[in-house]
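S.K.: What follows is the residue order along each chain.
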Amino acid sequence: MDTHDSGVARPVLEGPDIARVLTRIAHEIVERAKGAEDVVLLGIPTRGVFLAQRLAAKLEEIVDAVGGSGRKIPAGGPGRKIPVGSLDITMYRDDLRMHPPRALARTDIPSEGIDGRLVVLVDDVLFSGRTIRAALDALNDIGRPRAVQLAVLVDRGHRELPIRADYVGKNLPTSLRETVKVQLAEEDGRDAVLLGAKPTAPAGER
Amino acid sequence: MMRHLISAADLTRDDAVLILDTAEEMARVADRPIKKLPALRGRTVCNLFFEDSTRTRISFEAAEKRLSADVINFAAKGSSVSKGESLKDTAQTLEAMGVDAVVIRHSASGAPYRLATSGWIDAPVINAGDGTHQHPTQALLDAFTMRRRLTGPDAGLGQGLDGKRITLVGDVLHSRVARSNVDLLHTLGAEVTLVAPPTLIPVGVETWPCEVSYDLDSTLPKSDAVMMLRVQRERMNAAFFPTEREYSRRYGLDGDRMARMPGHAIVMHPGPMVRGMEITAEVADSDRCTVIEQVANGVSIRMAVLYLLLGGNEPAVTHTRPTASEEK
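If you read the protein sequences in the order shown, they are chains A and B.
Once you know that position 91 of the first sequence is 91 in UniProt numbering, the rest is easy, because the numbers rise by one and skip nothing.
Once you know that position 208 of the second sequence is 208 in UniProt numbering, the rest is easy, because the numbers rise by one and skip nothing.
Hints listed in this document are in silico derivations from the structure and should not be mistaken for laboratory results.
Glycine is no exception: its CB is placed at the ideal position from the N, C-alpha and C atoms.
Check before you lean on any hint, since a few could be wrong.
Unchecked claim - Some chain B residues flagged as far from chain A (calculated, every beta-carbon gap over 12 Å): (1) 9; (2) 55; (3) 57; (4) 81; (5) 92; (6) 114; (7) 163; (8) 165; (9) 207; (10) 208; (11) 213; (12) 234; (13) 248; (14) 259; (15) 274; (16) 277.
Stated by the list, open to error - Chain B stretches covered by chain A per the calculated footprint, using a threshold of three residues with CB under 8 Å from any CB of chain A: (17) 11-23; (18) 35-41.
Okay, chain A solo, but in the shape it has when bound:
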């Protein structure tokens, strides 16, 4: 097995893969939202926020290209900014009472608001689904979107709630003994998705 050196995480997505995957998700959003006119991207801290910002930049490129090729120009015209923000879910977590209080991250709702808009939640890894449930609760206190969709870079399975992603960068079947770690240049200095063994497992067991 190539994971015999447990502790050393194996990259499953590298920088160019992540860029390609985000471009594809951006195209899917434009296709499904028919032009991304009322899309608001909300990233879940920490890494979801950077992914949301990258997606917004790609969406702006796509929308501009469509406008520039003489086809139907979307409302707002070329050069339109896609609203992007962040949504901290710390205080909505269902395990809040099981840990010491966590430091809060930034919630930053674009000035346009979310009422009547298509909110796309962006996160790095979809796992139990509990984070997304908390995010839906948090959204409830902020406004009433037209619809909420979910974009994730990696779906590693093992859902504990009836939640699925609308846009998935990579489906990554994992065992519960494995960890999935997303690194992004903004936070970690490099782009990668790493698959490793849980640190609690004794090293070199096999």
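Starting from the structure of chain A, add chain B where the hints point.
M.R.: Just chain B, lined up with the frame of chain A:
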């Protein structure tokens, strides 16, 4: 681990910065259509006020309600305390009712410490001002206001108040706000100067981590923030200065004195202000005066403290005060 907030001196720098950073996020909730967070849902907080208070009591209540806690308000007036019930019996009554936290204001210095360490009640205790001892949430909201004004709401994240020159003017002797502020501002790296008539400087001030001056005019040009303290006539049992006119002429802040402060410097006051005594109406109403801002920031700070003490299974703030058994 620290379960209580009794004194600003108990806070480490990391704790204090964590509270200020958390308050910065709490402040953003005030801009939302639904000003509520679910962090303390199902927890009961009792506001135990043995001494009069307007802004602190309302501020704590607003903070508790914004965090979805259930609030019980207790004022000594109109309660069994006026029939002679002791603090111990009141505390045990609250314990029996299953209160999850107690916010206490008391005219006796040390009452919150007694409540926290006596074993009468198991819940965390937050000091909302005790006698002439401490008022830690006031010091935190003052530091929060200074950081927001002098460094900026976002630029200040993760930082203390290093090198900032803060001047506290007035009735230091009777002021729990001054004691808490000296402790906390020193912890955060600020340079604190107390200015007051010698009669209103407490004995033992030389052990405090601050400078003392009797001359307001020479201190003002070297100040980034000037905090005026109220002359607490209700606690005065002797003649500490000849006349009010003389006091306000030497230690009151008026427009001329404010003009001598650096351009970026702010004027603060913990409230309630006595206009014409320690501060003139001209200064109180100017845009350099942060009194109203301090009140708004007070709600954010108290939300942060309540969240960090009660929001999880154990407090996020570490402990530096020895327990009662260690002191013996």
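S.K.: The structure should be examined with respect to each hint, and the outcome stated for every one.
M.R.: Do the hints match the structure? See the list:
no. : hint  : result
1   : 9     : 22 Å, holds
2   : 55    : 25 Å, holds
3   : 57    : 24 Å, holds
4   : 81    : 33 Å, holds
5   : 92    : 26 Å, holds
6   : 114   : 26 Å, holds
7   : 163   : 25 Å, holds
8   : 165   : 29 Å, holds
9   : 207   : 34 Å, holds
10  : 208   : 31 Å, holds
11  : 213   : 38 Å, holds
12  : 234   : 37 Å, holds
13  : 248   : 43 Å, holds
14  : 259   : 38 Å, holds
15  : 274   : 37 Å, holds
16  : 277   : 40 Å, holds
17  : 11-23 : holds (count 3)
18  : 35-41 : holds (count 4)
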